[in-house]
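**Student:** Protein sequences appear in the order of chains E and C. Note that my numbering has the first sequence beginning at 0, numbered continuously upward. Note that my numbering has the second sequence beginning at 3, numbered continuously upward.
Be aware that a few hints might be false.
Stated by the list, open to error - Here are the simulated SDA-like cross-link-like pairs (lysine to any residue), alpha carbons at most 20 Å apart as the crow flies: (1) K702/E <-> D713/E; (2) K63/E <-> K26/C; (3) K63/E <-> R63/C; (4) K63/E <-> A56/C.
No lab work stands behind these hints: they were computed from the structure.
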Amino acid sequence: MTQLPSLWHRLVAIVRRRRLDRDLDDELAFHLAMREADYRTDGLSADAAREEARRQFGNVTHLKEQTRDMWTFPSLESFRQDIRYALRTLRKSPGFTFVAVFALAVGIGGNTAIFSLVDAIRSRALPYPEPDRLVQLWGNVQRTRVERRGASYPDYLDWRAESKSFEDIAALDTQWMTFVGSDEPERIQTEFVAAPYFSLLGVSPTRGRVFDATEDLVAKPAQVVVLSDGFWRRRFGADPQVIGRTLTLCCAPRQYTVVGVMPPGFKGLSDTAELWVPFAMYASPATMAARGSRGFVALARLKPGVSLAAAQSDMDAISRRLEQAYPNTNEKRAVEISPLAVELFGNLRPALLTLMAAVAFVLLIACANVANLLIARSETRRREIAVRTALGAGRGRLLRQLVTESCVLTLLGAAAGLVLARIAVSMLIAQSPVTFPSFATPELDVRVALFTIAVSLACGLLVGLVPGLQAQTPDLSNALKESARSSGGRQSQRVRSALVVAEVSLAVVLLVGAGLMIRSVRNLAALNPGFDPHSVLTLHASIPRTSPPPAAAAPAAAGTPAAPSPPPRPVVEARVLLDRLRAIPGVAAAALGNDLPLDSGGGGASFYTAEGQPPVNAQNMPRIYVHRVTPEFFSTLRIPFVQGRTFTDAEVSPTSPAVIVSEGVVRRFWPGQDPIGKRLKFGGSPSPTDPWMTIVGVVGEVKYRGLPQNPTADPDIYLPFTDRNSLVGLALRTTVAPSSLIPTVRAVIRETDRSIPLYNIATMDEQVSGVTSRSRFTMWLMGVFAACALMLAVVGIYGVMSYLVSQRTREIGIRLALGAKRPDILRLVVGNGARLIGAGIAIGIAASFALQRLVSSLLFGVTAADAAAGFAVVILAAVAMLACYLPALRATRVSPLNALRSE
Amino acid sequence: MGETKKATAVGDMLPGTLDMLILKALSRGEAHGYSIVQFIHGASRDVLKVEEGALYPALHRLEVRGLLRAEWGTSENNRRAKYYRLTAAGRRELEFEAAYWDRVAAAVTRVMQTA
């Protein structure tokens, strides 16, 4: 009841404190004057009256303080004092302050930088309303293990019709389309999306409209397109009348009518899309009708309040129904529901969390350093603390003051750290080979600032409590008598030693981690991908067809199946193009295929049947990835032949039965037999009329779809390239630096035909390192953190050893005076340090082994027992010993006379 | 001073007694600190003695609690002085404290009179 007025009075007092102080002075003066006057009337002299009045009153200053406390928040008041005092002490020892603030800035800055990256990829960062309800639906299959696949269109329609957990479901897939404009043709990332896609994401067009369901019918898809803001500005000059205009997309050239423009920044779920067309045009009507033809994911939004688990059991029930209804295509098929944030950021998370741990270690080392410095200082301040205790300062009060001091220190560190982090974050983003989604922009916002402040206060508490608890000097009289340079207590020496051991062990863990990362990246680089990626230039092209006669074009545009008339010819045949490329000086070999190793995406796998093999079930039905390649493909990429030969010229024909298989096919069906001449057929249960393919060669397995391993172990087969594919990958083996040929290659292809769009021109080495980029990014940062850790640990060891030597100057002097040799002294001091370093290394190695399991997903082909880890430990030991050796050397130079006199 | 021997310092009595005496002193009208001391001294026939300095933290505490209100005025000898007055809350507090004191004092008396 009286809380409120009192709080109010106190708040007023903060603002009007000077006035209140003056009033109090006046009030007390009035009292004294009245008392004095009364004594005067009683007959005392003026002096005696004043004297007596004062005595009667008591300690004026003390009472004033007491009275003032009634008005203020006493704890706040002393807190202010503590801060002022802390700042003054820090100013008085600039060297100490600089070292401590620097160490903390490195630690806190690193944490802030990494935290801002982690924070940027949290699920709330998705630029869609209520992103937590957005999920992706994958079609999974239970084979020897569960493998993730896409959905088929009939499955998708059933999911939509039967599920009750989702507001809606939208099929989508991203493909390249060639935009044929007035000037050069351009490859455009296009999303094929079902009508509900836009409303699911909660985005609406800035102009026009998006598709509706009637435009998304497979039977009669509307040829409409929605543009991204960027595409509209770039190719239509931001024409306000763009709605209703048409644009041509191929490869089967079709006219699309523009119906809408999306807002700036929206690039679809793929984060790269510039155009959106109805999903009904995703594939031929026949493919769309096939329940077993799976290849796309579906986006869905959970109804409010529906949990992931509930939705999963809903979909499981549907999957079981479909499995019963369509055993041929849906046996062992299920649906995986995966939150969108996990899909978009999942691959970044383990690396960032590891880095977060690493940088936390750096901070711990920095804290240990600062704690050590503070202990050293609190020992020289023992007298000050003893005086304060003697004057009645309580232990809690002293502790509070020490913690305040360390918090002031860490907050200074945090301020410097924020500046460092600002620089570091922009550098990280610039350097990072990992592409962050365009909307996830790491920045130093309020959340990051709060994190930094919380971290720095935690550090302040940590480093303040250690020397604070140390500083409880019970033996006042001794402390007051001792000189400031007296040796620290045995207990404090133990704490300092423990801190050094901790620093060394943390540094060992980081160095081992960095060593393993470096090793793992080198393993990845040295990994045999099944082909030789060096000196190879790769590029992709979309070879247009010669325009079909107008009569043939009309029905094709309407979406009806093309008549079995001869397919339109490409503007240039592969053979001609390759001959021209081979003629370029510096090109040793050139080959072409419908895809190249490490192309992201590529085609899906197909079922096949081997001749004379028993029937198989859904779990072990053999699958292969099919590539169509020219005969020189294997020699150009140096894919080794295990048996047989490449295609002959005669076999390069659409009706050729020749096939080249990878070793996996042979291993499965004809182990120990001669596979040449054996036959394969496409399809899980092929009809007798399907043609057989005859094996003419066997090549080694290629890491076609990913490094360090293909996502699934299914083998590859190669068929002759017969100009039926318009999208091709070209590989050139060069005798000069591959990238130096890029302009010439471009020019040669432009000369051949101006209408061929080129894209993804890169050396194969670049492709390989692109796949390993996450590992390299992690390695690079781990290296930086380990270097910081090493530096801080060495500074810490050096500091402690120097301090130790200066504390033992007298002892060393006595030893020397008693005849100890200088090498003995050296051994004494270095041995002391070596014990600490040894203990730290032992603990660090043990911790590394314990922790390696946590980072195993980031490592490839290494364990903590690796030589790289040993090397890291040796480096640390060497540098740490040097940090002991220098102070030890100084100890040997002690003059016994001076040392004894110095006390 | 000789008289301190027979006088009882208010601080030695039950806690809260000084507050109650201040409230009582002010129940007769507004007064400054010095006159409150004089009142307590006089009304107790010189038995109770306030340590004069201790009066002020108590006055300010009561003011902060909203039991008193203070105003600057002019004293009988024409000096600037701070005058305290009871608020409504102060009056209620005084009643409560007085009732409590009566109960405690009666209880103590009963204990002392028990044979």
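**Student:** If a hint holds in the structure, say so; if it does not, say that too.
**Tutor:** Status of each hint after checking the structure:
Between K702/E and D713/E the CA atoms are separated by roughly 11 Å; this keeps the pair inside 20 Å, and the hint holds. The suggested pairing of K63/E with K26/C is violated, with an alpha-carbon distance near 24 Å, which exceeds 20 Å. Between K63/E and R63/C the alpha-carbon distance is near 13 Å, which keeps this suggested pair within the 20 Å criterion. About 10 Å separates the Cα atoms of K63/E and A56/C, which keeps this hinted pair within 20 Å; it holds.
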